[in-house]
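Undergrad: As given, the protein sequences belong to chains A and B, one line each in that order.
Residue numbering for the first sequence follows numbering that gives the first Met the number 0, beginning at 0 and increasing consecutively.
Residue numbering for the second sequence follows numbering that gives the first Met the number 0, beginning at 0 and increasing consecutively.
Hints should not be assumed to be uniformly reliable.
Distance ranges between label pairs, derived from CB positions [said to hold, decoys possible]:
(1) K568/A to L18/B: 54 to 64 Å
(2) V3/B to Q565/A: 44 to 54 Å
(3) G77/B to P451/A: 47 to 57 Å
(4) G77/B to P651/A: 23 to 33 Å
(5) H731/A to G77/B: 36 to 46 Å
(6) M86/B to V720/A: 26 to 36 Å
(7) R717/A to V3/B: 56 to 66 Å
Please keep in mind that the hints were generated in silico from the structure rather than gathered at the bench.
Cβ coordinates follow ideal geometry from the N, Cα and C atoms, glycine included.
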Amino acid sequence: MPLSGSEATVYAVLAPFAAAVIAPSLVRIFKHNAAWPLALVPAFVFMHFAGFVGAIAHGQTFTPSMDWAPTYGVTLSFYLDGLSTLFALLISGIGTFIILYSGGYLKGHPHHGRFFSFMFMFMGSMLGLVTADNLITLFVFWELTSITSFLLIGFDHLRMASRRAALQALVVTGGGGLALLAGFLLIMSLTGEANMSAVLAGDDILRQSPAYAAVLILVLGGAFTKSAQFPFHFWLANAMEAPTPVSAYLHSATMVKAGVYLLMRMQPVLGDTVLWTTILPLFGGATLIIGTLLAVRQTDLKLMLAYTTVASLGLLVMLTGTSLDKAIEGAALYLLAHSLFKGALFMVAGTVDHEAGTRDITKLGGLRGAMPITFAAACLAALSMAGLPPFIGFIAKEYLYEGIWNAPSGALVLTVTAVIGNALMLVIAAAVALRPFLGEKVDTPKHAHEGPILLYAGPVVLSVTGLVAALVAHTTGEYFVGPTVSSIIGNFEEIDLHLVPTHIGAPLYLSIATIALGILLYLRLDALRAMMTGALTAIGWGPDKGFDQAISAIVRFSTVVTRFVQAGKLQVYMVMTFIITALALLVPTYLAGAWPQNFAVPEFRFYEWGILIVAVAGLIAVLIAKTRLTAIVSLGIQGFAVAVIFMLFGAPDLSFTQFMVETLSVVILALVMTRLNLAPRDHRKPGHQLFDGAVAIAVGFGFATVLMRITELPFDPRLSVFFADYANAIAHGRNIVNVILVDFRGIDTLGEISVVMVTGLAVLALIRVRPKRRPPETGKDTGPAKTEQPKELEAAK
Amino acid sequence: MRTVIFRTIAPYLSALMVLFSVFVLLRGHNEPGGGFIGGLIAASAFAIYGIACGVAAVRRAIIFHPMSLSAFGLFIAGLSGLPSLFMRQPFMTSQWWYIHIFGVEIPLSTPLIFDVGVYFVVVGAISSIALALEERESD
Numbered sequence: 000m001p002l003s004g005s006e007a008t009v010y011a012v013l014a015p016f017a018a019a020v021i022a023p024s025l026v027r028i029f030k031h032n033a034a035w036p037l038a039l040v041p042a043f044v045f046m047h048f049a050g051f052v053g054a055i056a057h058g059q060t061f062t063p064s065m066d067w068a069p070t071y072g073v074t075l076s077f078y079l080d081g082l083s084t085l086f087a088l089l090i091s092g093i094g095t096f097i098i099l100y101s102g103g104y105l106k107g108h109p110h111h112g113r114f115f116s117f118m119f120m121f122m123g124s125m126l127g128l129v130t131a132d133n134l135i136t137l138f139v140f141w142e143l144t145s146i147t148s149f150l151l152i153g154f155d156h157l158r159m160a161s162r163r164a165a166l167q168a169l170v171v172t173g174g175g176g177l178a179l180l181a182g183f184l185l186i187m188s189l190t191g192e193a194n195m196s197a198v199l200a201g202d203d204i205l206r207q208s209p210a211y212a213a214v215l216i217l218v219l220g221g222a223f224t225k226s227a228q229f230p231f232h233f234w235l236a237n238a239m240e241a242p243t244p245v246s247a248y249l250h251s252a253t254m255v256k257a258g259v260y261l262l263m264r265m266q267p268v269l270g271d272t273v274l275w276t277t278i279l280p281l282f283g284g285a286t287l288i289i290g291t292l293l294a295v296r297q298t299d300l301k302l303m304l305a306y307t308t309v310a311s312l313g314l315l316v317m318l319t320g321t322s323l324d325k326a327i328e329g330a331a332l333y334l335l336a337h338s339l340f341k342g343a344l345f346m347v348a349g350t351v352d353h354e355a356g357t358r359d360i361t362k363l364g365g366l367r368g369a370m371p372i373t374f375a376a377a378c379l380a381a382l383s384m385a386g387l388p389p390f391i392g393f394i395a396k397e398y399l400y401e402g403i404w405n406a407p408s409g410a411l412v413l414t415v416t417a418v419i420g421n422a423l424m425l426v427i428a429a430a431v432a433l434r435p436f437l438g439e440k441v442d443t444p445k446h447a448h449e450g451p452i453l454l455y456a457g458p459v460v461l462s463v464t465g466l467v468a469a470l471v472a473h474t475t476g477e478y479f480v481g482p483t484v485s486s487i488i489g490n491f492e493e494i495d496l497h498l499v500p501t502h503i504g505a506p507l508y509l510s511i512a513t514i515a516l517g518i519l520l521y522l523r524l525d526a527l528r529a530m531m532t533g534a535l536t537a538i539g540w541g542p543d544k545g546f547d548q549a550i551s552a553i554v555r556f557s558t559v560v561t562r563f564v565q566a567g568k569l570q571v572y573m574v575m576t577f578i579i580t581a582l583a584l585l586v587p588t589y590l591a592g593a594w595p596q597n598f599a600v601p602e603f604r605f606y607e608w609g610i611l612i613v614a615v616a617g618l619i620a621v622l623i624a625k626t627r628l629t630a631i632v633s634l635g636i637q638g639f640a641v642a643v644i645f646m647l648f649g650a651p652d653l654s655f656t657q658f659m660v661e662t663l664s665v666v667i668l669a670l671v672m673t674r675l676n677l678a679p680r681d682h683r684k685p686g687h688q689l690f691d692g693a694v695a696i697a698v699g700f701g702f703a704t705v706l707m708r709i710t711e712l713p714f715d716p717r718l719s720v721f722f723a724d725y726a727n728a729i730a731h732g733r734n735i736v737n738v739i740l741v742d743f744r745g746i747d748t749l750g751e752i753s754v755v756m757v758t759g760l761a762v763l764a765l766i767r768v769r770p771k772r773r774p775p776e777t778g779k780d781t782g783p784a785k786t787e788q789p790k791e792l793e794a795a796k
Numbered sequence: 000m001r002t003v004i005f006r007t008i009a010p011y012l013s014a015l016m017v018l019f020s021v022f023v024l025l026r027g028h029n030e031p032g033g034g035f036i037g038g039l040i041a042a043s044a045f046a047i048y049g050i051a052c053g054v055a056a057v058r059r060a061i062i063f064h065p066m067s068l069s070a071f072g073l074f075i076a077g078l079s080g081l082p083s084l085f086m087r088q089p090f091m092t093s094q095w096w097y098i099h100i101f102g103v104e105i106p107l108s109t110p111l112i113f114d115v116g117v118y119f120v121v122v123g124a125i126s127s128i129a130l131a132l133e134e135r136e137s138d
């Protein structure tokens with residue numbers, strides 16, 4: 000039963016975020032021991048979700064919620080059923096031990112607090128992801144896991160490889176996330192529902208919609224990238240650049256399963272179609288085989304585990320893709336088993352690395368005496384991974400074999416794929432658990448000894464849980480696996496799990512075959528590795544390389560585009576701006592044929608004519624001016640004349656401003672001239688001058704025609720009447736212009752003054768970054784002139 | 000440019016212009032004027048002072064860095080939108096207070112504060128550009 004009301008779940012999901020905030024301070028006080036109090040947070044979250052298990056096992060679901068942005072129908076709502084609860088328990092349960100483990104693993108690291116913060120942010124995002132009911136909420140958490148994963152992979156940000164891996168993971172999973180968003184929006188428009196629980200209740204709406212294929216492909220785009228399915232598997236291996244706690248938590252036990260979670264979640268409404276049962280097993284199976292083969296090639300413990308994670312995810316996708324009840328039972332069991340044994344094995348690999356100084360299995364050996372507890376945990380976890388009794392991994396394999404052996408179509412292909420995959424998995428499990436510990440003692444970079452309790456607590460508890468879960472198989476089935484399976488297949492289903500197979504049949508024979516094949520291959524591991532390395536060298540190209548090629552192609556393309564658009568010469572920018580302005584004015588006028596109709600000479604008084612003549616005289620002076628300074632001042636004459644015209648025609652505010660702007664622009668232009676040491680004369684060639692002149696005339700002509708045309712149209716006085724009526728009445732001001740600026744349209748002005756300020760800053764920066772006198776004519780030195788800054792500050796004081 | 004006459008007159012001229020700019024700013028709500036134009040006038044006052052007596056003199060006179068003035072202006076302009084929130088009205092709804100000092104009613108309002116903010120942003124931004132340009136490397 001929920002601890003207290005529906006809000007408790009909201010707080011449970013948000014609690015890790017709060018922990019993320021306080022973690023750095025705690026680390027400052029308690030150093031690495033801050034892990035102990037911090038681990039309480041996921042522990043409490045675990046207990047909260049454990050409170051639901053009983054009720055959910057009896058077929059209940061919960062939808063606690065809180066309004067978020069009610070205007071847009073976005074609620075912070077959660078959906079708790081078997082699947083999401085199992086995930087929430089795994090995330091918070093494994094999270095508890097990962098936090099402890101991080102305490103020991105990164106002991107003394109200068110950014111330990113930051114690391115905890117990132118971990119907790121991830122934990123919160125992941126909890127949100129699996130429990131979210133609202134599709135948009137789910138998407139937000141989905142992307143948050145990508146972002147936190149980015150931060151964690153790039154945690155060691157001084158290393159190039161880390162940064163590259165982080166960026167790669169973000170590009171791949173973030174890109175997939177966008178596809179998922181499109182998929183969700185499509186689902187929302189097709190079903191008219193924004194909540195997962197309602198979409199799931201919709202039954203056949205999606206499957207029968209003509210857009211089904213589009214929805215499926217978009218959702219798969221999100222799920223396959225997140226869960227590292229072939230051909231997107233490469234990012235996961237590179238993500239091993241992250242510290243080991245991250246690899247154990249994000250990249251094996253939780254985040255990468257988000258894609259699998261999504262597929263399982265959508266199985267009732269998207270599954271069981273030809274497309275589904277073709278695409279998923281195909282990609283899942285391919286990922287399984289490729290993942291295990293790539294794992295065999297590696298000698299780095301973490302990379303071996305990473306590729307088997309890829310393989311396991313492939314297996315899960317393949318099983319989910321069959322849409323068969325029995326296979327899905329296998330998938331649910333395997334999901335649970337994998338999280339436990341893989342989390343434990345990663346932590347073991349990290350401990351070995353931490354204590355012995357290397358994680359290359361060819362450089363490790365004989366550690367059993369030095370690290371007995373770690374060795375024991377490794378063995379327990381590896382036995383589960385290998386699928387041997389009496390571990391949860393064994394039960395999982397029995398069920399999944401039973402599921403696919405009886406598949407109505409393609410049973411043979413699926414079974415062969417699964418047997419080969421599992422056999423190779425056994426090889427890796429044995430290699431990871433035995434190679435570093437058995438055999439002769441090898442000299443390691445560090446003198447190896449058992450790690451502190453912070454390091455071995457996690458592997459021990461997780462691997463023992465894998466054993467206990469199998470020993471109490473009936474309970475595991477009733478409370479954890481059964482409800483999960485019910486969610487995935489969409490009907491309530493009770494599962495009766497047995498550790499000892501109830502009958503001697505195909506699954507058992509397949510298990511025996513797998514184990515036999517696995518042992519055979521393990522004995523020839525080195526030969527197998529050499530063969531794989533040879534094969535991969537022969538191919539020489541992989542998606543990882545392809546990613547680099549794609550990125551560099553994009554960079555090259557954008558360089559070309561930027562070079563074209565931004566030539567780096569102010570003159571070109573100005574000319575382009577004016578040409579486009581002229582086109583924007585003239586082309587629509589031409590297309591609509593909206594030229595001004597009447598060219599009647601207006602009836603001006605003599606002084607109005609006089610001002611007009613002054614303005615024109617100013618312009619002529621600009622044209623014939625010998626030096627640039629004269630031209631600038633002459634332009635000012637024209638500006639003042641225009642200001643006078645404004646005043647004569649009843650716009651005092653405008654005229655006032657125009658006077659000041661003209662004055663200041665003349666002053667500033669003149670200062671720019673002298674400050675930047677521009678040539679006093681214009682050196683343009685006649686052809687160039689002619690072209691610039693034509694552009695200027697086109698712009699002027701464009702403005703004139705548009706303005707004349709506008710004044711010919713009947714005047715719509717609604718706005719002026721409104722402002723005239725209300726300026727004084729509402730805003731207590733008689734100056735309508737000012738009232739509009741500071742009151743009626745104050746937000747606009749706020750934006751404008753922000754622009755003014757930013758422009759000021761930008762101009763200031765531009766003036767400062769001029770190249771120093773030495774070296775004089777390179778023009779490349781755009782670094783800030785550092786010597787000027789202190790003087791500036793002094794002057795400011 | 001630094002003739003004796005100009006150097007002598009410039010401080011008085013600038014002071015007058017700054018005073019005038021404040022006058023223009025305050026009358027803006029009812030007569031031609033306002034923060035923007037007031038700011039421009041003050042900025043030209045500083046520019047003139049700078050040309051006549053050197054940039055360092057201007058910087059001393061205005062105490063703060065012009066960009067800080069600008070930032071301060073933007074800050075109070077933004078701030079002036081907040082009081083309405085306490086009245087459960089939308090952001091930037093104008094609020095008016097009538098204060099009596101010696102029997103004279105002085106209307107104060109959030110738009111006035113906003114306009115003062117505009118004034119500072121404009122003064123700061125324009126004069127920081129002008130001063131930076133006037134500043135010679137030798138200065």
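Undergrad: Confirm or reject each hint.
TA: Hint by hint, here is what the structure shows:
1. K568/A to L18/B: 54 to 64 Å: Distance hint for K568/A, L18/B is violated at roughly 44 Å.
2. V3/B to Q565/A: 44 to 54 Å: holds (48 Å)
3. G77/B to P451/A: 47 to 57 Å: Holds, at about 52 Å.
4. G77/B to P651/A: 23 to 33 Å: holds (29 Å)
5. H731/A to G77/B: 36 to 46 Å: violated (22 Å)
6. M86/B to V720/A: 26 to 36 Å: holds (29 Å)
7. R717/A to V3/B: 56 to 66 Å: Roughly 58 Å apart at Cβ, these two residues keep to the hinted range, so it holds.
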